[in-house]
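S.K.: Residue-level listing of the chains:
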Amino acid sequence: MLVLNKVKIQEMADNIAEMDAVKGRSLWTDARRRFMQNKAATASVFVLTLIVLFSFIGPYFAVWTNEQIDWAVLGRVAELGQPSFANGHFFGTDSLGRDLYSRVIQGTRISLSVGFVGATVAVIIGTLYGAIAGYVGGRVDQFMMRIVDILMAIPGMFVLILMLVVFGRSILMLFIAIGLLAWLDMSRIVRGQTLSIKNKEFVEAARATGVKNSKIITRHIVPNLLGVVVVYASLLVPGMILIESSISFLGLGVQEPSTSWGALISDGAKTIRYDTEWQLLFPLAFFVTSLFCFYFIGDGLRDALDPKDR
Amino acid sequence: MSNETIMQVDNLKVYFRVKNPEAMPWTRPDVLKAVDGVSFKLKAGETLGIVGESGCGKSTLARGIIRLIEAEEGQVLWLGQDLLKLSNNEMRSRRQEIQMIFQDPLASLDPRMNIGEIIAEPIKTHHPKTPKAEVKQMVEDVMVRVGLLPNLVNRYPHEFSGGQCQRIGIARALILKPKLIVCDEPVSALDVSIQAQVVNLLKELQDEMGLALIFIAHDLSIVKHISTRIMVLYLGNMMELADSADLYDRPRHPYTQALISAVPIPDPLIEKNKELILIEGDLPSAINPPSGCVFRTRCPKAQDICASDKPVFEDTGKGHMVACHFHD
Ligand code: SF4
Chain A
1 MLVLNKVKIQ
11 EMADNIAEMD
21 AVKGRSLWTD
31 ARRRFMQNKA
41 ATASVFVLTL
51 IVLFSFIGPY
61 FAVWTNEQID
71 WAVLGRVAEL
81 GQPSFANGHF
91 FGTDSLGRDL
101 YSRVIQGTRI
111 SLSVGFVGAT
121 VAVIIGTLYG
131 AIAGYVGGRV
141 DQFMMRIVDI
151 LMAIPGMFVL
161 ILMLVVFGRS
171 ILMLFIAIGL
181 LAWLDMSRIV
191 RGQTLSIKNK
201 EFVEAARATG
211 VKNSKIITRH
221 IVPNLLGVVV
231 VYASLLVPGM
241 ILIESSISFL
251 GLGVQEPSTS
261 WGALISDGAK
271 TIRYDTEWQL
281 LFPLAFFVTS
291 LFCFYFIGDG
301 LRDALDPKDR
Chain B
311 MSNETIMQVD
321 NLKVYFRVKN
331 PEAMPWTRPD
341 VLKAVDGVSF
351 KLKAGETLGI
361 VGESGCGKST
371 LARGIIRLIE
381 AEEGQVLWLG
391 QDLLKLSNNE
401 MRSRRQEIQM
411 IFQDPLASLD
421 PRMNIGEIIA
431 EPIKTHHPKT
441 PKAEVKQMVE
451 DVMVRVGLLP
461 NLVNRYPHEF
471 SGGQCQRIGI
481 ARALILKPKL
491 IVCDEPVSAL
501 DVSIQAQVVN
511 LLKELQDEMG
521 LALIFIAHDL
531 SIVKHISTRI
541 MVLYLGNMME
551 LADSADLYDR
561 PRHPYTQALI
571 SAVPIPDPLI
581 EKNKELILIE
591 GDLPSAINPP
601 SGCVFRTRCP
611 KAQDICASDK
621 PVFEDTGKGH
631 MVACHFHD
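Protein chains in written order, with the numbering used here: chain A, 1 to 310; chain B, 311 to 638.
Looking at chain A on its own, in the form it has when it is part of the complex:
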């Protein structure tokens, strides 16, 4: 028995020695696992993917385009424009007799791209600006951050509306205006984070080893910033969509014949008195579902990536 044990132990020792390199859990792997455990977040990713897919594949099933007016329905939208499969208006028609299904697809595309493009602009400008201010430090940092303070003191919505009125209402203008406003918070967050990473011992260790400053930024600082940037960006997207929608709801956002969730909801709300509640409910359902999804994903990402919870 004892001998057998000895042999076994020897075998085990050999096995351990020959064992291949153990796969490590990087912080990203860890984060992914934590994110996957968050049911609301994973479900949200699924639902959101469906919505995005819908906005791409949806048009192939549409009977009407978003510009066609169904003359047969016009004038009697409340009775004939209801959602039905028979006449091809799956979501019904709007008050002008246009197919709401196609309009919602169009609105979804625009709203989502406003969200993503706006957030991307904000993330890129904000991260670069904040990282430079934080890493360079000193006077440069002071100067750059005072500019941010000044810009922040101006009420954003006011500027946005002003810009749209002055420079005309185009989607491009909307992208630029929203993106320009949203990078301010981003730059502050990134600057703070850069400051704290810059003083971490591993950055000092890299300097002591003789790593160049540019390599320190790309190899050590940026990868450690990424978590915060991802979390904040995921919360920026719904923020952008909300701003765009509220502006469109006020009638200042995207222009006919183009449309967005905000504009569709606005149209639907105006005609709710005429028993055409579907005109409000379909765009609203997409809007609310997507926002919920974005916030759940944002929450999930924060829980997964935030080092404080560890």
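If you are wondering where the hints come from, they were derived from the structure by calculation, not from laboratory data. Please read these numbers as outputs of a predicted model, since none were measured by experiment. C-beta atoms are modelled at their ideal positions from N, C-alpha and C, and glycine is treated no differently. Please note that a few of the clues may not be correct.
[Claimed, not checked] Calculated lysine-lysine pairs in the BS3-like style (CA-CA distance at most 25 angstroms, straight line):
#, chain 1, residue 1, chain 2, residue 2
1, B, Lys353, A, Lys200
2, B, Lys329, B, Lys351
3, A, Lys215, B, Lys487
4, A, Lys212, A, Lys198
5, B, Lys434, B, Lys446
6, B, Lys351, B, Lys628
7, A, Lys212, B, Lys329
8, A, Lys215, B, Lys395
9, B, Lys489, B, Lys434
10, B, Lys329, A, Lys215
11, A, Lys212, B, Lys489
12, A, Lys212, B, Lys353
13, A, Lys198, A, Lys215
14, B, Lys446, B, Lys353
15, B, Lys439, B, Lys351
16, B, Lys395, A, Lys212
17, B, Lys446, A, Lys215
18, B, Lys439, A, Lys200
[Claimed, not checked] Some chain A residues close to chain B (C-beta under 7 angstroms, calculated; not the full set):
#, residue
19, Ser26
20, Leu27
21, Glu201
22, Ala205
23, Val211
24, Thr218
25, His220
Got chain A sorted already, so can you dock chain B with the ligand onto it with the hints?
M.R.: Only chain B with the ligand this time, still in chain A's reference frame:
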């Protein structure tokens, strides 16, 4: 082991400009004298221990020597070359000969990199053309040497204990076979049982590779164990510098005497009867240090002359250097 001096530090001063946040923008910042005129020599294969309370400037001294912080004035001769006068590029290439180990083992490892990448970083920095297989072999060898299983290369720092993280830090410092390692309180963040392991590892490596060490600690008992010579630092000034045994058995400076009396002696009989010299008060501010001898505000032996004249740091025989008017 050769007896050549590899590093000679002369009158090194590191000052910080600190601004009172409530002060007006045009007021001149205060000068904080973190290190105020430190000189010493270091021979190849020797260990210099540096002790002092926290806030006495010992970490700043270490960083000043290897230019992680720029010094105000002074000289750091490394193999005959003044490090403080080198351009940034020249300094960077010198860095492969001088490495550093840090106080917080986990914080000194990039959490987004795996162990293999961390340990290999010095090679990648100084010899970027080394073939991958060779790098891998070097990493594995050094891991085995510091007592880590080489199959852990793909793991990440947060999967290790403090002691293991410090071994990783040591491996990173060793991989380019440096001549000097500056250890900034390498064990003070570790459990007592692990401290001894890490100190012993450093000692073994030193004997094997002929490394010189600058070993910083706030605890005299650890430093005594590893050092050839010990420097006692107080408020950026050298108080005493002597051979390890000499300093421990015959401390001549009142501050050193107090520090040593605070080290517990394992024998309860002696421990009970020994005289404990207490130092009263707090460390004075380095922005506004006491005149004359910096230790006079807390020194049990202080006289009038201590306030007016700064004691000279002088040899009191057999290289036992002391800065005190009334040394024993
Ligand atoms: S010089 Fe005076 S104050 Fe300074 S340590 Fe000696 S006795 Fe104390």
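S.K.: Determine for every hint whether it applies to the structure shown.
M.R.: Structure-based check of all given hints:
| no. | hint | in the structure |
| --- | --- | --- |
| 1 | B:Lys353 <-> A:Lys200 | violated (31 angstroms) |
| 2 | B:Lys329 <-> B:Lys351 | violated (34 angstroms) |
| 3 | A:Lys215 <-> B:Lys487 | holds (23 angstroms) |
| 4 | A:Lys212 <-> A:Lys198 | holds (14 angstroms) |
| 5 | B:Lys434 <-> B:Lys446 | holds (11 angstroms) |
| 6 | B:Lys351 <-> B:Lys628 | holds (15 angstroms) |
| 7 | A:Lys212 <-> B:Lys329 | violated (29 angstroms) |
| 8 | A:Lys215 <-> B:Lys395 | holds (24 angstroms) |
| 9 | B:Lys489 <-> B:Lys434 | holds (19 angstroms) |
| 10 | B:Lys329 <-> A:Lys215 | violated (31 angstroms) |
| 11 | A:Lys212 <-> B:Lys489 | holds (22 angstroms) |
| 12 | A:Lys212 <-> B:Lys353 | violated (30 angstroms) |
| 13 | A:Lys198 <-> A:Lys215 | holds (13 angstroms) |
| 14 | B:Lys446 <-> B:Lys353 | violated (32 angstroms) |
| 15 | B:Lys439 <-> B:Lys351 | violated (35 angstroms) |
| 16 | B:Lys395 <-> A:Lys212 | holds (18 angstroms) |
| 17 | B:Lys446 <-> A:Lys215 | holds (21 angstroms) |
| 18 | B:Lys439 <-> A:Lys200 | violated (29 angstroms) |
| 19 | Ser26 | holds (5 angstroms) |
| 20 | Leu27 | holds (6 angstroms) |
| 21 | Glu201 | holds (4 angstroms) |
| 22 | Ala205 | holds (5 angstroms) |
| 23 | Val211 | holds (5 angstroms) |
| 24 | Thr218 | violated (12 angstroms) |
| 25 | His220 | holds (5 angstroms) |
The structure is inconsistent with the numbered hints 1, 2, 7, 10, 12, 14, 15, 18, 24, although it conforms to all the rest.
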